[in-house]
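Given only the sequences and the hints, what does the whole structure look like? Please build it.
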Amino acid sequence: MVSRYEQGNSPSSPEKINGNFVGKDILSLDQFDMQSLVHLFEVTETMKDIAVNARPSDVLRGNIVTLLFYEPSSRTRGSFDAACKQLGGETIVVENPQQFSSVAKGESFNDTIRTFEAYSDVIVLRHPQTGSAQKAADAVQIPVINAGDGGQGEHPTQALLDLLTIKEARGSLEGMTGVIAGDLLYGRTTKSLIRGLALYPGNTLYLLSPQELKLPEKDLQDFSSRGIKLVEIDSEDAIPKDADFWYWTRVQKERFENPQDYERVKNRFIVTPDILSRFGGKNTILMHPLPRVGEITEDVDKDQRAVYLRSQIRNGMYIRMALLGLVLGRISLPPQGQSQE
Amino acid sequence: MVSRYEQGNSPSSPEKINGNFVGKDILSLDQFDMQSLVHLFEVTETMKDIAVNARPSDVLRGNIVTLLFYEPSSRTRGSFDAACKQLGGETIVVENPQQFSSVAKGESFNDTIRTFEAYSDVIVLRHPQTGSAQKAADAVQIPVINAGDGGQGEHPTQALLDLLTIKEARGSLEGMTGVIAGDLLYGRTTKSLIRGLALYPGNTLYLLSPQELKLPEKDLQDFSSRGIKLVEIDSEDAIPKDADFWYWTRVQKERFENPQDYERVKNRFIVTPDILSRFGGKNTILMHPLPRVGEITEDVDKDQRAVYLRSQIRNGMYIRMALLGLVLGRISLPPQGQSQE
Amino acid sequence: MVSRYEQGNSPSSPEKINGNFVGKDILSLDQFDMQSLVHLFEVTETMKDIAVNARPSDVLRGNIVTLLFYEPSSRTRGSFDAACKQLGGETIVVENPQQFSSVAKGESFNDTIRTFEAYSDVIVLRHPQTGSAQKAADAVQIPVINAGDGGQGEHPTQALLDLLTIKEARGSLEGMTGVIAGDLLYGRTTKSLIRGLALYPGNTLYLLSPQELKLPEKDLQDFSSRGIKLVEIDSEDAIPKDADFWYWTRVQKERFENPQDYERVKNRFIVTPDILSRFGGKNTILMHPLPRVGEITEDVDKDQRAVYLRSQIRNGMYIRMALLGLVLGRISLPPQGQSQE
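Chains as they are written, first to last, in my numbering: chain A, 192 to 532; chain B, 192 to 532; chain C, 192 to 532.
Check before you lean on any hint, since a few could be wrong.
Treat identical chains as interchangeable: a pair holds within one or across any two.
Think about it this way: if two alpha-carbon atoms lie no more than 27 angstroms apart in a straight line, the pair counts; the simulated DSSO-like pairs of lysine-lysine are [claimed, not checked]:
| # | residue 1 | residue 2 |
| --- | --- | --- |
| 1 | Lys432 | Lys405 |
| 2 | Lys326 | Lys493 |
| 3 | Lys420 | Lys473 |
| 4 | Lys296 | Lys493 |
| 5 | Lys296 | Lys444 |
| 6 | Lys420 | Lys207 |
| 7 | Lys409 | Lys207 |
| 8 | Lys405 | Lys296 |
| 9 | Lys409 | Lys420 |
| 10 | Lys405 | Lys420 |
| 11 | Lys432 | Lys493 |
| 12 | Lys473 | Lys358 |
| 13 | Lys473 | Lys493 |
Quick caveat, the hints were computed from the structure, so don't treat them as lab data.
Set out below in structure tokens:
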């Protein structure tokens, strides 16, 4: 949105939301301040009502959303696809354009993006290369929503749904105590979540990861300087009693060059019913961005504190509904001052 | 539907319809009794009117159906896709999830199914493994419709459309004389059709297949014990005059380990205009579940008795429309006692 | 449409539009006379209003369009997909059926086409084999729209959008002076455009191509005999001042057996800002059917005369909206005599 493409094609930073979503790209969690999150979560409540009750909606009637996925992800694509259709909008789904048609013939990324700009009102982009979403946003006049751009990139809707899930379950995003476990070195979602929680006062996070997958020192310093308290721990024994949430993540095999390195660390921290009962509190919710491949055993699923297959997935769809409606100006924000978190 | 997943994950049997489709899974033809079929076929008539006249419908407005096809089948997927959209509903299409994204990363079948549960009101599942549809139904709270689960599994909507086609053309499903030809050993559709016809009194089926592809003895006994009369024959000469229907099937190359075995039997029984005129009756309809690869020559197509490219395909869409509307409780059944077959 | 299939399966020619689109196939530019184009372009104006303003439309409500793409083309498929959905219709998307399902099992083209006929009101077909669209049209009763059938085939909607783009920008399709550059030997779009412009009086086209890719002599004679003036030129220096349009095309690598031959000619004629300023006029529009891979440098894009990433793509969607609405009889043509070009 707001094409800088014709003004020299230099990379730009995404515009801050500042309480006004209309026409904005959604590229990074850094665009959001607390007030914008409050607004977003309020709108999301309305979206939830539409989806849960299969209520016919005309919010996006007449709108077309292109889901342009250079990296197929049935989970994220399905969530955006459903989000759009829940609101009466339509989607154009394009998966793996690089294998087919024009892109395979050598077409530039810009030309492809501008083609789908002509067909639709929003582009949702998933791309393996970090920075692609910003590049797309610079090329077109319509809003671009980042659905994940590379290992070092962002996936802002994931972070937003994680925040919403904590807020819903624990009543607030301030003064929280949480555990983030697994891959803190490569993990995109964990870093975004930390950044999001750093917007709110009084939060403390315990970071539990294998030595090989610890949060890089510069990130640790950067995040800490934002006012969030980060505590590195080495074992489940150090988990504080009655944490508000545990956020477990998958160790991503695809990040390791050496399979043996992966094998050594992949099962270092696993949530079982026993671990949960020993170290979790009565109201500790257990989250996971999914997919999981063993970090949480299946017999944990039936525990009501395990929200990863319940509210967490659903909140992703509600958040995406809200964002689509907001950037297209089809949902009004509540009057300022009225909303209280 | 009615998750048994949290009660120990033991396999279960699908619930009988018993005249009430709301919230039910559609996994097997064995869920249907005669009265439920009568109801279903009545509703299907209304569906036909909507589709034939491209009548805008709001029956499924606000509903989302996930079409989760681990084995792509453009025919069956297209039929469900169209069925849903004919009624104003929307679909999320996921083909080959095992090649992409989360499933490729090692996600369990249960997690995938529960993800799409969060996005939609019904899951239509096609899967190469027998029993998958039941497994899916056990994992989620929303209805699951089986669109084919493996070579030994079921494909209930195919059997339902076959029954409807016979009923429409011959006016009844009782007292029918039919011929079922081709692969009776591996064929999933033929067995389902026999089971369906066994629900009605007075039916006789002539089974015509190569020696290598005969109906297994135990199936022959099982089906016969249900009251249907089965007669094995070896050649077209033994086809009874004026049969109500012929049901021809493809010999499935993919079932044979040895290509020579396939070559020897594949063209044993072929319907040509000559065969049809010599052994068929004036009102004998000729059916085929499709695809065909030579079992019926193309010059038969123009014969009005050949319904495979006509009502049989269309009836599939109407049946699927009816089922979607019924399991979602968006179509009311006629009051009991009123409907007469 | 109007199945000749049952009358002996002989190939046929597409029916002329003659001012009445209802139920017609759209297979070739040769079906259109001037009056039909006038009508089509008028309707397209209305379509543009719906799309530009994201105006909810019920024009195709209740209709289903199958997009059957044997050769995936995200650009053309996306355009038809969006066109249908802009008008409130729904699509069934089938890509690469030959790799999956029934077609892979040996099903005939006719059977596949007739299957999707049963699910939908129109079939949009893309197929690598020349003549496929006519073959499809002969097999079914519903309209078939040709979205490109092979290198020697047609792609009529591309030619229609090109004509519309010239008409919009230059106010007329008569008395035009244009340049067509690049691959005139294999290029499908260039030949269709010449045929289209030959319908109107007073047009002159300058043909600029490498020696190896000149328009075949028989085409040159054929087109010239229709009354259009064709002038072959060898270099940009021969481009007439103040041409109404330049139509640049990609040299298609996939047409060359020998990569060296391709390398030698591919960059023979490239539009740069310098070339455009030296040989183009103030109102010369620069067109390209896309994708491009270097024939026009990216720094030309910002020139307002460059319409390939602007109106040309968009006009494709509007034209397809109009055609879908017209062949389905859901849009009325303006009363005869009222419309003036």
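*Hints the structure violates: just list their numbers, smallest first.*
Violated hints: none; all satisfied.
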